[in-house]
Amino acid sequence: MKSTKALLAILFALSFVAAACGGSDEAADGTADDSAVTDDSADDSSADDSSADDSSTDDGAAPSDFEGMSLAAESCDYGGELKSITAVDELTVQFELCFPDVAFESKVAFSAFGIHPSEVLEATGGTGTELLESPVGTGPYQVAQWERGNQLVYTANPNYWGEPANAETLVFRWSEESAQRLVELQSGQVDGIDNPGRDDFEVIAADSDLQLLEREGTNIFYVGFNNTFPPFDNEQVRQAMALGLDRQRLVDNFYPPGSKVADQFLPSSIFGYTPEPTWYDYDPEAAKELLAEAGYPDGFEVTVSYRNVVRSYLPDPATVATDIQAQMADIGVTLNIEEMESGAFLDASDAGELPMYLLGWGADYPDATNFLDFHFGIGASDQFGEKFSDITDLLSEAGQVVDADTRLDLYEQATEALKTHVPMIPVAHGGSGTAFRADVTNAQASPLGNEVFAVMDPGGRDTIVWMQNAEPISLYCADETDGESLRACEQVNESLLAYEVGGTAVQPALAETWSADDTGTIWTFNLRPGVTFHDGSAFDANDVVTTWSAQWDASSPLHTGRDGNFTYFNADFGAFLNAE
Amino acid sequence: MTDLTVDINPLEVSQSSSGGLGINLVKELFRKRAAVVGAVMLGILVFIALFAPLISPYDPTEVLLSTEGVQPRESPCIHILGCDSEQPQHILGIDGNGRDVLSRIFYGARVSLTAGVAAVTFAVLVGVVVGLIAGFFGGWIDNVLMRLMDVLLAFPSLLLAIFIVTVFGRGLTNAVLAITVVTIPGYARVVRSSVLTVRESDFVKADRVLGVSTFRLLTRRILPNSLTPLVVQATLGIASAVLEIAALSFLGLGVQPPQAEWGSMLASERNQVFTAPHLVFFPGIAIMWNVLAFNLLGDGLRDAMDPRLNR
Numbered sequence: 001m002k003s004t005k006a007l008l009a010i011l012f013a014l015s016f017v018a019a020a021c022g023g024s025d026e027a028a029d030g031t032a033d034d035s036a037v038t039d040d041s042a043d044d045s046s047a048d049d050s051s052a053d054d055s056s057t058d059d060g061a062a063p064s065d066f067e068g069m070s071l072a073a074e075s076c077d078y079g080g081e082l083k084s085i086t087a088v089d090e091l092t093v094q095f096e097l098c099f100p101d102v103a104f105e106s107k108v109a110f111s112a113f114g115i116h117p118s119e120v121l122e123a124t125g126g127t128g129t130e131l132l133e134s135p136v137g138t139g140p141y142q143v144a145q146w147e148r149g150n151q152l153v154y155t156a157n158p159n160y161w162g163e164p165a166n167a168e169t170l171v172f173r174w175s176e177e178s179a180q181r182l183v184e185l186q187s188g189q190v191d192g193i194d195n196p197g198r199d200d201f202e203v204i205a206a207d208s209d210l211q212l213l214e215r216e217g218t219n220i221f222y223v224g225f226n227n228t229f230p231p232f233d234n235e236q237v238r239q240a241m242a243l244g245l246d247r248q249r250l251v252d253n254f255y256p257p258g259s260k261v262a263d264q265f266l267p268s269s270i271f272g273y274t275p276e277p278t279w280y281d282y283d284p285e286a287a288k289e290l291l292a293e294a295g296y297p298d299g300f301e302v303t304v305s306y307r308n309v310v311r312s313y314l315p316d317p318a319t320v321a322t323d324i325q326a327q328m329a330d331i332g333v334t335l336n337i338e339e340m341e342s343g344a345f346l347d348a349s350d351a352g353e354l355p356m357y358l359l360g361w362g363a364d365y366p367d368a369t370n371f372l373d374f375h376f377g378i379g380a381s382d383q384f385g386e387k388f389s390d391i392t393d394l395l396s397e398a399g400q401v402v403d404a405d406t407r408l409d410l411y412e413q414a415t416e417a418l419k420t421h422v423p424m425i426p427v428a429h430g431g432s433g434t435a436f437r438a439d440v441t442n443a444q445a446s447p448l449g450n451e452v453f454a455v456m457d458p459g460g461r462d463t464i465v466w467m468q469n470a471e472p473i474s475l476y477c478a479d480e481t482d483g484e485s486l487r488a489c490e491q492v493n494e495s496l497l498a499y500e501v502g503g504t505a506v507q508p509a510l511a512e513t514w515s516a517d518d519t520g521t522i523w524t525f526n527l528r529p530g531v532t533f534h535d536g537s538a539f540d541a542n543d544v545v546t547t548w549s550a551q552w553d554a555s556s557p558l559h560t561g562r563d564g565n566f567t568y569f570n571a572d573f574g575a576f577l578n579a580e
Numbered sequence: 001m002t003d004l005t006v007d008i009n010p011l012e013v014s015q016s017s018s019g020g021l022g023i024n025l026v027k028e029l030f031r032k033r034a035a036v037v038g039a040v041m042l043g044i045l046v047f048i049a050l051f052a053p054l055i056s057p058y059d060p061t062e063v064l065l066s067t068e069g070v071q072p073r074e075s076p077c078i079h080i081l082g083c084d085s086e087q088p089q090h091i092l093g094i095d096g097n098g099r100d101v102l103s104r105i106f107y108g109a110r111v112s113l114t115a116g117v118a119a120v121t122f123a124v125l126v127g128v129v130v131g132l133i134a135g136f137f138g139g140w141i142d143n144v145l146m147r148l149m150d151v152l153l154a155f156p157s158l159l160l161a162i163f164i165v166t167v168f169g170r171g172l173t174n175a176v177l178a179i180t181v182v183t184i185p186g187y188a189r190v191v192r193s194s195v196l197t198v199r200e201s202d203f204v205k206a207d208r209v210l211g212v213s214t215f216r217l218l219t220r221r222i223l224p225n226s227l228t229p230l231v232v233q234a235t236l237g238i239a240s241a242v243l244e245i246a247a248l249s250f251l252g253l254g255v256q257p258p259q260a261e262w263g264s265m266l267a268s269e270r271n272q273v274f275t276a277p278h279l280v281f282f283p284g285i286a287i288m289w290n291v292l293a294f295n296l297l298g299d300g301l302r303d304a305m306d307p308r309l310n311r
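If you read the sequences in order, they're chains A and B.
The first sequence runs 1 to 580 under my numbering.
The second sequence runs 1 to 311 under my numbering.
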């Protein structure tokens, strides 16, 4: 603990010195350098990709007075996956893991780990309006103005390291009404919309002025139970409700084409899915018997919460909630429906304050860890109450095994355990889509929901207007889980890696190359040289370390965020460092 | 002993005989064509509300997706208009949850009428007491009570109602309570205004001189003579209350699912305005019918009860 604090103190002292000297721009121009550079990693990078080294040389930005930051855990006993993060040199970052993680690249590419300038994080203290509403990044767009409740306007980043954005201005608008979204698209007020209504698919497909792009159902809609609230502390009650819910009826009547009944939590296109076991068959009589056996022969009354925000996994929230209410009434369970504001709902479910709720999940990256570990792993939130140790053990083991067959076997066991414990009822993998004006080229319906607007050309117009379901909660996505926020962040802040446009494959972003050692526990990322943030400051390895440390280290003064949950980090990497 | 000569107020004369007032009022009312239309429309609504269980073809909460094999948001099917006789008849169609819209509208009439009348009744009761006390006693009591009413009036009524429901929780009861609270000042001011006039009338002065108790004065003399504008205001107020209940339910703060209510029916299908317009059209018509009925009747009552408008 003492050494960690000492390291932290050094880290921040160095940051302040760097800031006082004029930031990393100036630091990069300095000459003297006697900071330690890890020879091994330097060798690794040169072996993997000579272009990185060449660029460094050409750029003339070879490490000079660069003082690399680092943060390390004393040991792995704190329960998390990360052991250390080190800025080896100006353009090299090394992550040491406590155990191999087959999904590490995919996690690193995720937008919750978008890189912020260390100066900005330190100046804002990791929170505040400046960071939450107008973050500085390296992405193809920069935030121009966020009129809360109205629109979010971006302008193209003139110094973008990659292909500049086609449209000079990007505007995000939102409406939870699918009818309004469609009308705005048809009238030409917007260039693209997310999640057309179930009944609007045919209308859009038949309109030659529009294009419909269907999105694969890489998501899950589920009915969640918190096992710390009676009667859901009784496993039989949860099983009875699973038996009493006719999921086929929900999908047949309330979901658009391309949707499927969920046999388990994982969609079939995500690694980790196994054909067996399948979920309980609908049997209301058995459900009533099980309820009686559990001590509720006359049923019970409980509140079910949801947010009236359309998502690809839940295209018609109020209608689905009402049908679930009707179905539960058939087995004697009275549900009182409570509609909540989106942000408050997510916060309450994460905090384990909701006994029963309707929620879902869309893939961030195509691996079981993104679905199962996030929800049921050791670092998951309290949304389902007390964790099930058999499930957490299986998931922890599966996340560290490289062999695919062994992993699948472990995930099959975890799915079986989920069926037994029923922390939730998996209902549907919702098909969804986007719709654009016909003249928009490179339009996408990303399976991960991370449409990239910089590559779209809105028919030669300088502004592309996008209308999604809801307003982002904030633009500091280290501390957000909401898809509408994540998409908005992705235009501004980039991670070390990225997902291919319209796909799921991991590709270079702020890191040009990367590699893991033979043990799979040491990952070295060679950063892209010459990248600058929107504020003009240079991007370097210390920005990566500061960004990650702010999330990882619970004792850091930067570990503040919007509400300080940093849900993704905890779920993906198991635990915070120095958490009390 | 002083010989008191009391000028009889014309209002007093016209209302001295309750039987006469009733007959005259009805006669006056039926001379107004709009009022008759309003009364008939209201009569139909009351009939539907009273006999909803008998005339509704289905239970309003019954989901027919599994039992009848209907699809959500099916168009109306009326056999005599050519709909396939093998299909179950749903005169106003099926809603998004597979329920019969006609039955839900019939049952919705119960909720709207009951809630509207209840809200106005409670508001009138409180408003009358406040207005009577403030108007009759005057002075600091009047000041305190009326400033309280001013505070309530300072907020837009729907905004205040939303605040109250948010604090006390969603649901029909709290929605009625909210509408009650926000409409009290209107009735209190109307009553107070009448009381200020009536209390200076000679017959009231006479009663005072004769030693009639304050309570008797208030209940037997002043209140009956202040009722005319109140009745009109209350009738028109029901229309507003129905609208506000519908608005709260539209916002998800009033009636909770699966109970049928016109505002919540509108809200749940608002996204289908282009693909299934009947689902927003019929609840909208029902709300309009209800409001129009009370407005026409209220206008007619005002005309019938105000002798000056007869000239």
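Because the hints were derived from the structure by calculation, they are not lab data.
Heads up, a few of these hints could be off.
[Said to hold, decoys possible] Quick look at which bits of chain B chain A covers, simulated, 3 or more residues with Cβ under 8 Å: (1) 51 to 65; (2) 68 to 78; (3) 105 to 112; (4) 125 to 134; (5) 198 to 210.
[Stated by the list, open to error] Partial list, derived from the structure: chain A residues whose beta carbon lies under 7 Å from chain B: (6) ALA179; (7) THR334; (8) VAL506.
Just so we're clear, the structure is a prediction, and the values are computed from it rather than from any experiment.
Backbone N, C-alpha and C define an ideal beta-carbon position, used for all residues, glycine too.
These are the hints, each one checked on the structure:
Here the region 51 to 65 of chain B counts 3 residues with a CB under 8 Å from a CB of chain A, which clears the bar of 3, and the coverage holds. With 3 residues having a Cβ less than 8 Å from any Cβ of chain A, the region 68 to 78 of chain B passes the three-residue criterion, so the hint holds. By the rule of at least three residues with a Cβ nearer than 8 Å to a Cβ of chain A, the coverage given for the region 105 to 112 of chain B is violated, with 0 such residues. With 0 residues having a beta carbon nearer than 8 Å to a beta carbon of chain A, the region 125 to 134 of chain B misses the requirement of three or more and the stated coverage is violated.
A stretch counts as covered by a chain when three or more of its residues have a beta carbon under 8 Å from one of that chain; for the region 198 to 210 of chain B and chain A the count is 0, and the coverage is violated. For ALA179 of chain A, the interface hint holds, since its Cβ comes within 7 Å of a Cβ in chain B; the closest pair sits about 4 Å apart. Annotation: interface hint on THR334 of chain A violated; nearest CB of chain B at approximately 11 Å, more than 7 Å. Look at VAL506 of chain A: its Cβ only gets to about 37 Å from chain B, farther than 7 Å, so that hint breaks.
In the structure shown, a violation is registered for the earlier hints numbered 3, 4, 5, 7 and 8, in ascending order.
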